[in-house]
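K.L.:
Here's the letter readout for the chains.
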Amino acid sequence: MKSPLKSILLRHETVLLLILTAEWWFFSAAGRNFGTLDNTFDIIRHSVEIGLLALAMTAVVLTGGIDLSVGSLLGLCAVLLGMFWRDAHLTMRVAAVLTLLAGALAGGFNAALITWLRLPPLIVTLGTFSLFRGLAEALTHGVDTFTGFPEAFLFLGQERWLGLPAQLPIFLLFAAGIWLLIHRTTFGRSFRALGFSAEGARYAGIPVERRLAMVYVLAGLTAALAAIVYTARLGQAKADAGTGYELLAITAVVLGGTSIFGGSGSVAGTLLGVAAIAVLNNGLVHTRQPREVAGMLTGLLLLAALSGSVLLKRLATVRQRWQSPPEATERTSS
Amino acid sequence: MTRYFRETSVALALAALLLVLAGFAPSFYQAQPLLSLAAREAPALVVTCGMALVLICRQIDVSLGSQLSVCSVAAGLLASLHWPLGLILPGSILLGAAFGALNGALVAGLGLPSIVVTLATMVTWREGLRWLRQGVWVELPEGAQWFGLSQTAGQWTLIGVALTLLALLALAMKHLAAGRFVYAVGSDAEAARLAGIGPQRVTCAVFVLAGALTGLAALMNVAQSPQVDPNSGTGLELKTIAAAVVGGVAISGGRGNLGGAGGLGLAGLRRSGADSFARRGLLGKGDPRRGYPAGRRGGRLARPQTQG
Numbered sequence: 000m001k002s003p004l005k006s007i008l009l010r011h012e013t014v015l016l017l018i019l020t021a022e023w024w025f026f027s028a029a030g031r032n033f034g035t036l037d038n039t040f041d042i043i044r045h046s047v048e049i050g051l052l053a054l055a056m057t058a059v060v061l062t063g064g065i066d067l068s069v070g071s072l073l074g075l076c077a078v079l080l081g082m083f084w085r086d087a088h089l090t091m092r093v094a095a096v097l098t099l100l101a102g103a104l105a106g107g108f109n110a111a112l113i114t115w116l117r118l119p120p121l122i123v124t125l126g127t128f129s130l131f132r133g134l135a136e137a138l139t140h141g142v143d144t145f146t147g148f149p150e151a152f153l154f155l156g157q158e159r160w161l162g163l164p165a166q167l168p169i170f171l172l173f174a175a176g177i178w179l180l181i182h183r184t185t186f187g188r189s190f191r192a193l194g195f196s197a198e199g200a201r202y203a204g205i206p207v208e209r210r211l212a213m214v215y216v217l218a219g220l221t222a223a224l225a226a227i228v229y230t231a232r233l234g235q236a237k238a239d240a241g242t243g244y245e246l247l248a249i250t251a252v253v254l255g256g257t258s259i260f261g262g263s264g265s266v267a268g269t270l271l272g273v274a275a276i277a278v279l280n281n282g283l284v285h286t287r288q289p290r291e292v293a294g295m296l297t298g299l300l301l302l303a304a305l306s307g308s309v310l311l312k313r314l315a316t317v318r319q320r321w322q323s324p325p326e327a328t329e330r331t332s333s
Numbered sequence: 000m001t002r003y004f005r006e007t008s009v010a011l012a013l014a015a016l017l018l019v020l021a022g023f024a025p026s027f028y029q030a031q032p033l034l035s036l037a038a039r040e041a042p043a044l045v046v047t048c049g050m051a052l053v054l055i056c057r058q059i060d061v062s063l064g065s066q067l068s069v070c071s072v073a074a075g076l077l078a079s080l081h082w083p084l085g086l087i088l089p090g091s092i093l094l095g096a097a098f099g100a101l102n103g104a105l106v107a108g109l110g111l112p113s114i115v116v117t118l119a120t121m122v123t124w125r126e127g128l129r130w131l132r133q134g135v136w137v138e139l140p141e142g143a144q145w146f147g148l149s150q151t152a153g154q155w156t157l158i159g160v161a162l163t164l165l166a167l168l169a170l171a172m173k174h175l176a177a178g179r180f181v182y183a184v185g186s187d188a189e190a191a192r193l194a195g196i197g198p199q200r201v202t203c204a205v206f207v208l209a210g211a212l213t214g215l216a217a218l219m220n221v222a223q224s225p226q227v228d229p230n231s232g233t234g235l236e237l238k239t240i241a242a243a244v245v246g247g248v249a250i251s252g253g254r255g256n257l258g259g260a261g262g263l264g265l266a267g268l269r270r271s272g273a274d275s276f277a278r279r280g281l282l283g284k285g286d287p288r289r290g291y292p293a294g295r296r297g298g299r300l301a302r303p304q305t306q307g
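Chains A and B supply the protein sequences, listed in that same order. Residues 0 to 333 (numbering that gives the first Met the number 0) make up the first sequence, in order. Residues 0 to 307 (numbering that gives the first Met the number 0) make up the second sequence, in order.
It should be emphasised that the hints constitute simulated quantities derived from the structure, not laboratory data. One or more of the hints may lead you astray.
Simulated coverage check for chain A against chain B, where a stretch passes if three residues somewhere in it have a Cβ under 8 angstroms from a Cβ of chain B [what the hints assert, rightly or not]:
1) 121-129
2) 239-252
3) 297-311
C-beta atoms are modelled at their ideal positions from N, C-alpha and C, and glycine is treated no differently.
Produce the entire structure from the sequences given, and follow the hints as far as they go.
P.N.:
Right, here's the structure in full:
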């Protein structure tokens, strides 16, 4: 019945690509210096941290969970990185490794509460959302800022490597890794099985708790990695780093077509979602709109993406029922 | 005793805390500061009632804090235009109810998960308010503070309103059919539907009610100071969720008691003792711990996202 061309055109990723092109075209026409190579690199630099978080969030959302604490954890890890380097006088390498460990540990804390105590991920991460931010503020007393990082470290965030932004290779490597994990391994496929039906996955012999725990540890680790890149880009670490990033990451994931109920989604969609948000934010700056408008539009975009996908699905169901004979229709419960 | 085990344990913990405070910080019991503290927490108590209803219905609403900020500023602006209280009060409540109706329509009508919907509306309202007002405080005209009453009378009025609402809602949830519907939808929406209760209508109504209560709380908040802080709702959602959960409302829905929302007292008292960073940490830790029995009794992996 379905022609292959039509199924390609109706794919979520295709629609998103069209939106992205429209955004690009609009801002190139409306804003000065938007389409330049420098600005493109600028967009990439700004989207790497959110991109990292969104990739890990894709895995979390695939399992039917959510992690609201990644933005706060980014702040905490940025502060920890600064403290390891400045106050504990460690080298930048050691400090970075310790920060990654701390991120994994914090993710493990989420995972322990979710899998051992069987608390809903939403409540656990809503709690740690405020706990991690509170810890970061307590460690810096809300005012301390870490600056003066070594040049070699700032290279990672501010310079070019082979003509490309230096953080881009890290991001591409990470994205490739997540893509392999989610789309090309049975291990990653089990995330979807979990999101589709945790009980079914258990009967299929998947160690549900262990896999869930790994996803949250991965999210913690990624938040730490994002914190390192973030600190290198800005050259400073403060307790309010990454405020609101969890929402951007979730928006990118949902915009990319991953079902918020778990069980289906793709890495490519998430990457396009990140690009759509980053271009929107950057474009608004270039057309001289205040930052609040960008925040507001991100919220509205998320609502539009959510309702749009549900409405399209309903429309499809109605049309299907219309076309097929009455005895073949199945009653869909709301 | 066993039936109200959760509520009793919170009450005992609160009593113990009060005793400790009597021993180590007797200044806590000075009449005027205590009255001020209670009045300051009264709006949060009203919002907690709304949050508890939403949680009992197996939903969550993290946009209540932003709603309170917007309603506060709106009420302040109306007051500075010298509107009478009789018009500001319904205006603020209606504005809150409209915000709640939008959340309710998206959650109940389209079947979207409440956490994502309200996260999006939280940011939209907050950033929208910042954009329109640029963080400017609203100056109230002379005599608007405490509804034109004396400070003590105003404080007692706020506390009285909050406690009366709490009592009325608690009774309604226990003895009115509408209240039982909320429990029914929260424990099993499909079973409620088969029993002839419209789960979508109940869910939507709960969001509207939570919004309306927030609108009222906004006015109670505005009445306490000569200026309106545009950020007064920041963090309120977490505080009220913590209060409701500490008070024994199961985050997985269908269980809980508004009387337990008195757990808020606990959160409020903590505030007076601990410094702000420690308090944030405590609030963060507080809710997972109390949510524990609910998840365990479920006997399976809790998946609230999938049930939306």
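K.L.:
Each hint needs a verdict: does it hold in this structure or not?
P.N.:
Quick rundown of the hints versus the structure:
Beta-carbon proximity to chain B at under 8 angstroms applies to 8 residues in the stretch 121-129 of chain A; the threshold of 3 is reached and the given coverage holds. Under a criterion of three residues with beta carbons nearer than 8 angstroms to beta carbons of chain B, the stated coverage of the stretch 239-252 of chain A is upheld, 4 such residues being counted. Beta-carbon proximity to chain B at under 8 angstroms applies to 9 residues in the stretch 297-311 of chain A; the threshold of 3 is reached and the given coverage holds.
Checked against the numbered hints given earlier, the structure satisfies every one of them.
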